[in-house]
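Undergrad: Residues per chain are reported as follows:
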Amino acid sequence: MQDWNVILVDDEEEFVSTLAERLRLRGIPVRVTTDGEEALRMMETDPPQVVVLDVLMPGLGGLEVLKRIQADYPEVKVILLTGQGSTWDGIQGMRMGVFDYLMKPLNIDDLIGKIREAVGGG
Amino acid sequence: MAVDRVWRASVEPLLGDLDGEQGGCPAPFFEREQKMNQTTARELAFFGRITAGFTHEIKNILAIIKESSGLMEDLLSLTKDEPFPHWERFSHRVEVIKQQVQRGVELATHLNRFAHSPDEPVSPIDLNDLTDQLVRLSERFARLKEVGLTRSGSNASIVLVTSPVALQMTVFLLLESCWNQMPAGSAMELRAEWRERHPCLLVRMTVPVDDLGAVKQHIATSEGFTVARQSAHELGGQMLDDIPDGFALLFTETRVDQQAG
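These protein sequence lines are chains A and B, in that order.
According to the working numbering, the first sequence is numbered sequentially starting from 1.
According to the working numbering, the second sequence is numbered sequentially starting from 123.
Treat the hints with caution; some may be incorrect.
No farther apart than 30 Å at their CA atoms in a straight line, the calculated lysine-lysine pairs in the DSSO-like style are these [unchecked claim]:
{"hint": "1", "chain 1": "A", "residue 1": "114", "chain 2": "B", "residue 2": "157"}
{"hint": "2", "chain 1": "A", "residue 1": "114", "chain 2": "B", "residue 2": "220"}
{"hint": "3", "chain 1": "A", "residue 1": "67", "chain 2": "A", "residue 2": "114"}
Label pairs and their computed distance ranges (CB to CB) [claimed, not checked]:
{"hint": "4", "chain 1": "B", "residue 1": "352", "chain 2": "A", "residue 2": "95", "range": "41 to 51 Å"}
{"hint": "5", "chain 1": "B", "residue 1": "222", "chain 2": "A", "residue 2": "37", "range": "32 to 42 Å"}
{"hint": "6", "chain 1": "B", "residue 1": "222", "chain 2": "A", "residue 2": "58", "range": "25 to 35 Å"}
{"hint": "7", "chain 1": "B", "residue 1": "246", "chain 2": "A", "residue 2": "64", "range": "24 to 34 Å"}
Anything over 12 Å on all C-beta distances counts as not near chain B; from chain A, calculated [what the hints assert, rightly or not]:
{"hint": "8", "residue": "2"}
{"hint": "9", "residue": "4"}
{"hint": "10", "residue": "33"}
{"hint": "11", "residue": "40"}
{"hint": "12", "residue": "41"}
{"hint": "13", "residue": "54"}
{"hint": "14", "residue": "68"}
{"hint": "15", "residue": "74"}
{"hint": "16", "residue": "76"}
{"hint": "17", "residue": "83"}
{"hint": "18", "residue": "95"}
{"hint": "19", "residue": "120"}
Just so you know, these hints were derived from the structure itself, not from any lab.
Quick reminder that beta carbons are idealized off the backbone N, C-alpha and C, glycines included.
Throw the hints in and build the complete structure from the sequences for me.
TA: Written as structure tokens, this is what we have:
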């Protein structure tokens with residue numbers, strides 16, 4: 001089991017729960033939420049090292065959640081998930097200072113690689 | 123609306139002073155023309171917006187299928203050393219699902235880009251990207267005519283500043299007029315290149331008959347080709363039919379983004 005602290009945020013429940021199960025099978029403990037506000041509440045009690053964050057979500061959108069994370073938890077690394085055909089959201093996120101971005105659908109090995117880099121595992 | 127603004131910015135300089143007379147046509151003609159074009163631009167933008175939204179949703183669905191098949195694969199790998207009579211068949215099916223998801227993702231991505239085409243009535247378009255995009259979206263139509271359609275890449279950056287919708291439609295019409303007349307078993311290749319110092323889209327054909335010239339003649343005299351030729355002309359291009367193994371769409375009057383090169 002990795003000693004990592006990761007939160008996955010995506011409003012597509014089936015997507016995020018299945019992804020979490022796959023990460024846990026690989027020994028990566030993750031917490032999951034489908035809601036941006038809930039993600040911020042989870043961070044209050046136990047700030048993670050990495051947040052994997054979907055851009056397009058109803059309610060509090062990914063970029064708004066990103067701004068709040070950067071304001072309150074500047075040490076937390078954010079990996080954006082974008083489902084758009086273009087990389088515009090990802091580039092926008094990079095300009096805003098995210099650690100990196102990935103396009104959906106994901107390659108799980110790419111995601112794990114990014115998380116490893118973000119927690120400083122090289 | 124943003125589309126109106128962009129349309130005005132791109133078209134008004136071309137039309138000049140709308141209060142005056144333009145090329146012998148009275149101002150009301152241009153106003154009417156402009157209003158029609160604005161309406162068309164709005165309608166296209168609406169169509170594109172809805173389609174782009176749906177392709178986004180389709181990608182979300184494909185992402186769920188991909189993660190689910192990935193999880194099935196993970197679970198199968200955990201049972202590899204345990205007795206499981208249908209392990210091979212299950213494993214093969216999971217692989218098929220993954221391949222089809224990948225195919226769906228590529229199509230949805232290209233459709234999403236295509237749906238964003240009307241976002242701006244005039245914008246820079248890389249001809250290499252355009253050939254890739256059009257071949258992906260058109261190969262099914264060619265396949266139904268039993269004609270292969272591929273593209274060959276070019277390292278040269280060739281960027282036109284024109285209407286993305288009109289340009290894609292013109293190239294599609296050209297390709298369609300070819301595969302409609304080509305015999306089954308033929309092949310076409312689309313390539314962007316510089317020719318006579320102008321941007322050019324080249325369609326090269328291979329046919330399973332001796333007389334390529336006759337096939338070309340059928341294409342060049344077809345209604346579809348005539349429409350493609352007219353459409354190319356409106357974009358500042360000309361259709362060349364004297365290429366030995368195909369056709370070329372040469373952009374002699376179309377604005378080229380020199381900075382991109």
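Undergrad: Evaluate each hint against the coordinates.
TA: Hints, one by one, checked against the model:
For the suggested pair residue 114 (chain A) and residue 157 (chain B), the alpha carbons sit about 50 Å apart, so the restraint of at most 30 Å is broken. Between residue 114 (chain A) and residue 220 (chain B), the direct Cα distance comes to roughly 22 Å. Compliance with the 30 Å bound is thereby established for this hinted pair. Restraint check: the Cα-Cα separation between residue 67 (chain A) and residue 114 (chain A) comes to about 20 Å, which is no more than 30 Å; the hinted pair holds. Checked against the given bound of 41 to 51 Å, the beta carbons of residue 352 (chain B) and residue 95 (chain A), roughly 43 Å apart, stay inside it.
Distance hint check: the CB atoms of residue 222 (chain B) and residue 37 (chain A) are about 36 Å apart, consistent with the given range 32 to 42 Å. Between residue 222 (chain B) and residue 58 (chain A) the CB atoms are about 29 Å apart, so this pair conforms to the stated range of 25 to 35 Å. The hint said 24 to 34 Å for the Cβ distance between residue 246 (chain B) and residue 64 (chain A), and at roughly 31 Å that hint holds. Every CB of chain B lies more than 12 Å from the CB of residue 2 (chain A), the least distance being 16 Å, so the non-interface label holds.
No Cβ of chain B approaches the Cβ of residue 4 (chain A) within 12 Å, the least distance being about 19 Å, so the stated non-interface status holds. Distance to chain B confirms residue 33 (chain A) as a non-interface residue, since its nearest Cβ pair spans about 17 Å, more than 12 Å. Listed as a non-interface residue, residue 40 (chain A) keeps its Cβ farther than 12 Å from every Cβ of chain B; the least gap is roughly 23 Å. Residue-level check passed: residue 41 (chain A) sits 25 Å from the nearest beta carbon of chain B, beyond 12 Å.
The beta carbon of residue 54 (chain A) is not kept farther than 12 Å from every beta carbon of chain B, the shortest such distance being approximately 9 Å. A cut-off of 12 Å between C-beta atoms confirms that residue 68 (chain A) is not in contact with chain B; the least separation is 24 Å. Separation of residue 74 (chain A) from chain B is adequate, the least Cβ-Cβ distance of about 30 Å exceeding the 12 Å criterion. Look at residue 76 (chain A): its CB is around 24 Å from the nearest CB on chain B, clear of 12 Å, so calling it non-interface holds up.
Look at residue 83 (chain A): its CB is around 5 Å from the nearest CB on chain B, not clear of 12 Å, so calling it non-interface is violated. Residue-level check passed: residue 95 (chain A) sits 20 Å from the nearest beta carbon of chain B, beyond 12 Å. At the 12 Å boundary, the C-beta of residue 120 (chain A) stays outside the reach of chain B, the nearest C-beta of that chain being 26 Å off.
The structure shown violates the earlier hints numbered 1, 13 and 17.
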